[in-house]
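Undergrad: Residues per chain are reported as follows:
2 protein chains.
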Amino acid sequence: MKILVNKSIVEILKDCERPAISNEEILPLIDEIFENVRNRKDQALRAYSLQFDKVKLTDIKVSENEINAASGKIKTATKAAIKKAAQNIRIFHEAQELRSTIVETSPGVKCWQEGRGIERVGIYIPGGTAPLFSTVLMLAIPAQIAQCREVILCTPPGLNGTIDPHILYAAQVSGVKTVFKVGGAQAIAAMTLGTESIPAVYKIFGPGNQFVTAAKLKAQQFNVAIDMPAGPSEIMIIADESANADYVASDILSQAEHGVDSQAVCIVESLELAKKINSAVEYQLKNLPRRQLALKSLENSRIIVLETTESAIDVMNKYAPEHLILCTMNNTLFINQLINAGSVFIGNYTPESAGDYASGTNHTLPTNGFARNYSGVNLDAFIKKITFQEISREGLQNLGPTIEVMAEAEHLIAHKNAVSIRLKSIEDEN
Amino acid sequence: MKILVNKSIVEILKDCERPAISNEEILPLIDEIFENVRNRKDQALRAYSLQFDKVKLTDIKVSENEINAASGKIKTATKAAIKKAAQNIRIFHEAQELRSTIVETSPGVKCWQEGRGIERVGIYIPGGTAPLFSTVLMLAIPAQIAQCREVILCTPPGLNGTIDPHILYAAQVSGVKTVFKVGGAQAIAAMTLGTESIPAVYKIFGPGNQFVTAAKLKAQQFNVAIDMPAGPSEIMIIADESANADYVASDILSQAEHGVDSQAVCIVESLELAKKINSAVEYQLKNLPRRQLALKSLENSRIIVLETTESAIDVMNKYAPEHLILCTMNNTLFINQLINAGSVFIGNYTPESAGDYASGTNHTLPTNGFARNYSGVNLDAFIKKITFQEISREGLQNLGPTIEVMAEAEHLIAHKNAVSIRLKSIEDEN
Numbered sequence: 001m002k003i004l005v006n007k008s009i010v011e012i013l014k015d016c017e018r019p020a021i022s023n024e025e026i027l028p029l030i031d032e033i034f035e036n037v038r039n040r041k042d043q044a045l046r047a048y049s050l051q052f053d054k055v056k057l058t059d060i061k062v063s064e065n066e067i068n069a070a071s072g073k074i075k076t077a078t079k080a081a082i083k084k085a086a087q088n089i090r091i092f093h094e095a096q097e098l099r100s101t102i103v104e105t106s107p108g109v110k111c112w113q114e115g116r117g118i119e120r121v122g123i124y125i126p127g128g129t130a131p132l133f134s135t136v137l138m139l140a141i142p143a144q145i146a147q148c149r150e151v152i153l154c155t156p157p158g159l160n161g162t163i164d165p166h167i168l169y170a171a172q173v174s175g176v177k178t179v180f181k182v183g184g185a186q187a188i189a190a191m192t193l194g195t196e197s198i199p200a201v202y203k204i205f206g207p208g209n210q211f212v213t214a215a216k217l218k219a220q221q222f223n224v225a226i227d228m229p230a231g232p233s234e235i236m237i238i239a240d241e242s243a244n245a246d247y248v249a250s251d252i253l254s255q256a257e258h259g260v261d262s263q264a265v266c267i268v269e270s271l272e273l274a275k276k277i278n279s280a281v282e283y284q285l286k287n288l289p290r291r292q293l294a295l296k297s298l299e300n301s302r303i304i305v306l307e308t309t310e311s312a313i314d315v316m317n318k319y320a321p322e323h324l325i326l327c328t329m330n331n332t333l334f335i336n337q338l339i340n341a342g343s344v345f346i347g348n349y350t351p352e353s354a355g356d357y358a359s360g361t362n363h364t365l366p367t368n369g370f371a372r373n374y375s376g377v378n379l380d381a382f383i384k385k386i387t388f389q390e391i392s393r394e395g396l397q398n399l400g401p402t403i404e405v406m407a408e409a410e411h412l413i414a415h416k417n418a419v420s421i422r423l424k425s426i427e428d429e430n
Numbered sequence: 001m002k003i004l005v006n007k008s009i010v011e012i013l014k015d016c017e018r019p020a021i022s023n024e025e026i027l028p029l030i031d032e033i034f035e036n037v038r039n040r041k042d043q044a045l046r047a048y049s050l051q052f053d054k055v056k057l058t059d060i061k062v063s064e065n066e067i068n069a070a071s072g073k074i075k076t077a078t079k080a081a082i083k084k085a086a087q088n089i090r091i092f093h094e095a096q097e098l099r100s101t102i103v104e105t106s107p108g109v110k111c112w113q114e115g116r117g118i119e120r121v122g123i124y125i126p127g128g129t130a131p132l133f134s135t136v137l138m139l140a141i142p143a144q145i146a147q148c149r150e151v152i153l154c155t156p157p158g159l160n161g162t163i164d165p166h167i168l169y170a171a172q173v174s175g176v177k178t179v180f181k182v183g184g185a186q187a188i189a190a191m192t193l194g195t196e197s198i199p200a201v202y203k204i205f206g207p208g209n210q211f212v213t214a215a216k217l218k219a220q221q222f223n224v225a226i227d228m229p230a231g232p233s234e235i236m237i238i239a240d241e242s243a244n245a246d247y248v249a250s251d252i253l254s255q256a257e258h259g260v261d262s263q264a265v266c267i268v269e270s271l272e273l274a275k276k277i278n279s280a281v282e283y284q285l286k287n288l289p290r291r292q293l294a295l296k297s298l299e300n301s302r303i304i305v306l307e308t309t310e311s312a313i314d315v316m317n318k319y320a321p322e323h324l325i326l327c328t329m330n331n332t333l334f335i336n337q338l339i340n341a342g343s344v345f346i347g348n349y350t351p352e353s354a355g356d357y358a359s360g361t362n363h364t365l366p367t368n369g370f371a372r373n374y375s376g377v378n379l380d381a382f383i384k385k386i387t388f389q390e391i392s393r394e395g396l397q398n399l400g401p402t403i404e405v406m407a408e409a410e411h412l413i414a415h416k417n418a419v420s421i422r423l424k425s426i427e428d429e430n
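For the protein sequence lines, the chains are A and B, in the order given. Under the working numbering, the first residue of the first sequence is numbered 1, with each subsequent residue one higher. Under the working numbering, the first residue of the second sequence is numbered 1, with each subsequent residue one higher.
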C-alpha cells in the first residue's frame with residue numbers, strides 16, 4: 001500500500017479522492033429496458049433473463065415449495081448463524097421505533113408524529129459469485145418491523161434457473177413471502193412500473209452494479225423513492241499504538257476484497273506503525289482466495305501518517321467514510337468530534353465484518369462521501385412520519401390571532417379567513 | 001365545484017388525478033444556468049439577477065445592518081406572531097430529538113445511534129407577490145435544533161434590490177446569519193457548486209417554481225441532497241354531519257388561493273352536505289383578494305359523496321393527500337386506518353392554516369402523492385443518524401463464530417479472517 005507522510009490535508013484528500021463514476025454511456029440501455037418492460041412487461045423480463053442471465057424462466061415468481069425447500073439445502077450451522085444475526089438486527093432496529101408523544105406546543109394545541117410503514121417496498125439483491133443473503137436480513141427485517149404491507153424481493157437466478165437457498169432462507173427468516181427471479185436493471189424497471197407478475201412499489205432498496213444503480217436513479221423519475229445513491233464501498237481506520245497491526249490489516253483486507261473499486265484509508269500516528277500494518281497486509285494477502293481483486297483495490301488504498309489528532313479528525317470528517325474503525329487510546333474524542341460517517345466500529349474487538357453481518361447495525365450505508373448528507377438505512381427508511389394536530393376551541397382562541405396576523409402579512413387572506421370564521425362563530429356562541 | 005356522486009373508487013381517483021408536470025422543456029435552460037454558474041460564479045449570478053429579477057446587485061450577501069434593520073420595518077403585532085410561531089415550531093421539533101440509547105444486542109455487543117446535524121445546509125425561499133417568511137421558520141428552526149454548522153438562505157431581491165424585511169426578521173429569529181439576494185435556478189446552482197460569495201452546501205431545502213424544482217433535481221447529480229420532490233399543494237377534507245360547512249369551505253379556499261394548480265378534494269357522506277359546502281365556497285369566494293386564482297384551482301377541485309366509511313378510507317389512502325382534515329364523528333377510526341398523508345388536522349377547530357403557520361408542525365410536506373413514500377420535513381431531515389458499535393473481547397468470542405459462518409457462506413474470506421485473527425489471539429492469550 002502507498003504510505004503518505006508529511007502531506008497537507010488538501011494533498012491527502014486529493015490523493016484519496018473516490019473514482020468519479022459516470023453512468024452516461026449506459027443510460028440509453030437503461031431507457032430502453034424501462035420502455036421495454038413498460039410495454040411488454042413479463043415478456044420483456046423473460047427475454048432479458050435469456051439474454052443477460054442465460055436462463056429460460058418458466059415461473060417468474062419463486063414457488064412456495066422452492067422457498068420452503070431452501071432450509072433443507074443449507075448447513076445447520078449457517079442457519080443458526082442467520083437466525084442469530086437476524087435476532088440482533090431485529091433487536092437493534094426495534095429499538096429505533098418512534099415513540100410517539102403528544103406535545104402541547106401552546107395551551108389547547110396538541111401536535112404529534114406517528115409512523116406508518118411504506119405500503120409497498122421492493123428489495124433488490126444482486127446475484128453473482130457471492131450470494132449476499134446478509135443484505136436480505138438488513139433490508140427485510142426493518143421492513144417487517146415497520147409493518148410495510150407488501151415486501152417483494154427481486155434477485156437474478158443462477159444458470160440452473162434457481163435462487164441460492166441462502167437468499168431464500170434469509171427471506172423466510174425475515175418474513176418475505178414474495179420473491180421474483182429477476183435481476184439487473186429490468187428488475188428495477190419491473191418494481192417501478194409493475195408487470196403481470198411483479199407489483200409496482202413505492203420505494204426500492206438494495207445494492208447492485210452500475211446498471212442497477214442507474215436504473216434506481218431512473219426509477220425516481222417515476223416518483224419511486226430509493227434508499228440512497230450508491231457507490232463503491234470504503235473504510236477509514238484511525239489507529240495509534242494501542243491498535244493491533246494484524247487486526248488493522250485484516251480489516252483493510254476485508255474492505256479490499258469487496259471489489260476492485262473499494263478503498264481503505266488508514267490513518268496512523270507513526271511511520272513505524274504504518275510499515276507494520278503494511279507488512280501485515282502483505283502477509284495476510286497471500287492466502288486470500290480473492291487475492292487478485294484485493295490487490296487491485298489496494299492500489300486505491302492508502303496508509304497516512306498524521307502526527308496530530310486534529311489533522312486526523314479533520315481528514316475523517318472531510319473524507320466522510322462509509323465505515324470508520326477507531327482503535328486509539330482516545331476513541332471518545334474522535335466520536336465527539338465526528339460529523340460525517342456511516343457506521344463506526346470502536347476498539348480492537350470490533351471488526352467491520354461484525355457490522356456487515358451480525359452485530360445488529362445495518363450494513364446498507366452511505367458511500368462515496370454521501371455520509372455528509374445521508375444516514376445509512378435504518379428503521380426510518382421504511383417509515384413515513386406523519387404529523388397530527390388537534391386544536392381545541394380554547395386553543396384556537398389563543399393561537400388564532402397569531403395565525404391571522406401571519407397569513408395577512410403573507411397576503412394569504414383565505415388562510416386568515418379559515419381562522420377568523422371559526423373565531424367569530426365561537427364568539428357568537430358565547 | 002364539481003360534485004361527484006355514485007362514482008366508483010377508480011373513477012374518483014381518475015377524476016382527481018394530479019396534473020402531470022413535465023420539466024423537459026426547461027431542462028436545457030437549467031443545464032445552461034448550472035454551466036454558467038460553475039464557470040462564471042458570482043458574475044453569472046449578477047447577470048441573471050439583472051436578466052430575471054431586473055435588479056443590478058451591488059452586494060450578493062445581505063449586510064448585517066440590513067438584517068438588523070428589518071425588525072424596525074415590521075409591525076409589532078407581526079413580530080410577536082412570528083416569535084410565537086417560532087416558539088411552537090421549536091417546541092415541536094425539539095421533541096423529535098433522537099434519544100440515543102445503547103442497545104446490547106448480544107452479551108458484550110453494544111450498538112447505538114447518534115444524530116449529527118448536516119454540516120452545511122441551504123434554504124431557498126421564493127420571492128414573488130407573497131413573502132413566504134413562514135417557510136423560513138419551518139426550515140431554519142429545525143436546522144438550528146439539529147446544530148447544522150452552516151445555514152445559508154437564498155431568496156430573490158425585490159425590484160429595489162432589497163429583501164422583504166419579514167424574511168430577514170424570520171431569519172434572524174431562527175438564527176440564520178447568512179442571507180443571499182439570489183433567486184431562481186441560479187440560486188440552487190450556486191448552493192450546489194459554490195461561488196466566490198455563496199458556499200456549496202450538502203443539502204438544499206425549500207419550495208419554488210418549476211425552474212427551482214428542476215434545478216433541485218439537477219443538484220442531486222452533483223451529490224447534493226434535497227428535502228423532497230415538489231409539486232402543487234393539495235388538501236383532502238373528510239367531513240360528516242358533525243362538520244361545519246362554512247369552516248370546510250374556508251379550508252377549501254385557503255388551499256385554492258395557493259396557486260392555479262392547487263387541488264382540494266372534499267369527501268362527504270351526503271349530497272346535502274356537499275351542496276351546503278359548495279354554496280359556502282361560492283359565498284366566501286366573493287370577497288377574496290385572490291379570487292381569480294382560487295376560481296382556477298377550484299376547477300381542479302371536487303366534492304365527492306361517498307356513503308361508506310370504508311370507501312372514504314380507501315380514497316384517502318390511495319390519494320395520499322399532503323394535508324388531511326378530519327371533521328367526522330369518528331376521527332380515530334380514520335387515523336387508525338390512515339397510511340398515506342403528510343399532515344393531519346383533526347376536528348372543527350384545526351384549520352390547515354394553523355399548521356401552515358403556528359401550531360408547531362412543519363408545513364413542508366410531500367405533495368403529488370409523495371406522501372406514499374416520503375415524510376414531511378422534520379428534524380430528521382437535517383440530521384444523519386450514525387450507527388456505533390463496540391464489542392468487548394467476550395462479546396466477540398460470543399458473536400464471532402456467527403460472523404465467521406456467514407462470511408464463509410458469502411465467500412468473503414477476508415471478512416471471516418478479520419474475526420478469526422482476533423479470536424485466535426484471544427485464545428493464545430488465555
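Incorrect hints may have been included.
No distinction is drawn between identical chains; accordingly, a pair holds when it is met within one copy or between any pair of copies.
Below, computed lysine to any residue pairings styled on SDA-like, alpha-carbon distance capped at 20 Å [said to hold, decoys possible]:
(1) K7 <-> G161
(2) K385 <-> L98
(3) K177 <-> E410
(4) K296 <-> F52
(5) K79 <-> R90
(6) K56 <-> K83
(7) K424 <-> Q397
(8) K61 <-> G161
No wet-lab data here; the hints were simulated from the structure.
Undergrad: Each hint needs a verdict: does it hold in this structure or not?
TA: So, going through the hints one by one against the coordinates:
1. K7 <-> G161: neither (53 Å within a copy, 46 Å between copies)
2. K385 <-> L98: Answer is both: 9 Å inside a copy and 14 Å across each meet the 20 Å cutoff.
3. K177 <-> E410: neither (51 Å within a copy, 22 Å between copies)
4. K296 <-> F52: Cα proximity of K296 and F52: none, with 26 Å in one copy and 51 Å across.
5. K79 <-> R90: within (16 Å within a copy, 48 Å between copies)
6. K56 <-> K83: neither (33 Å within a copy, 66 Å between copies)
7. K424 <-> Q397: Within one copy, since 10 Å is at most 20 Å while 71 Å is not.
8. K61 <-> G161: Cα proximity of K61 and G161: one copy only (11 Å, versus 62 Å across).
Violation of the numbered hints given earlier is confined to hints 1, 3, 4 and 6; the remaining hints are satisfied by the structure.
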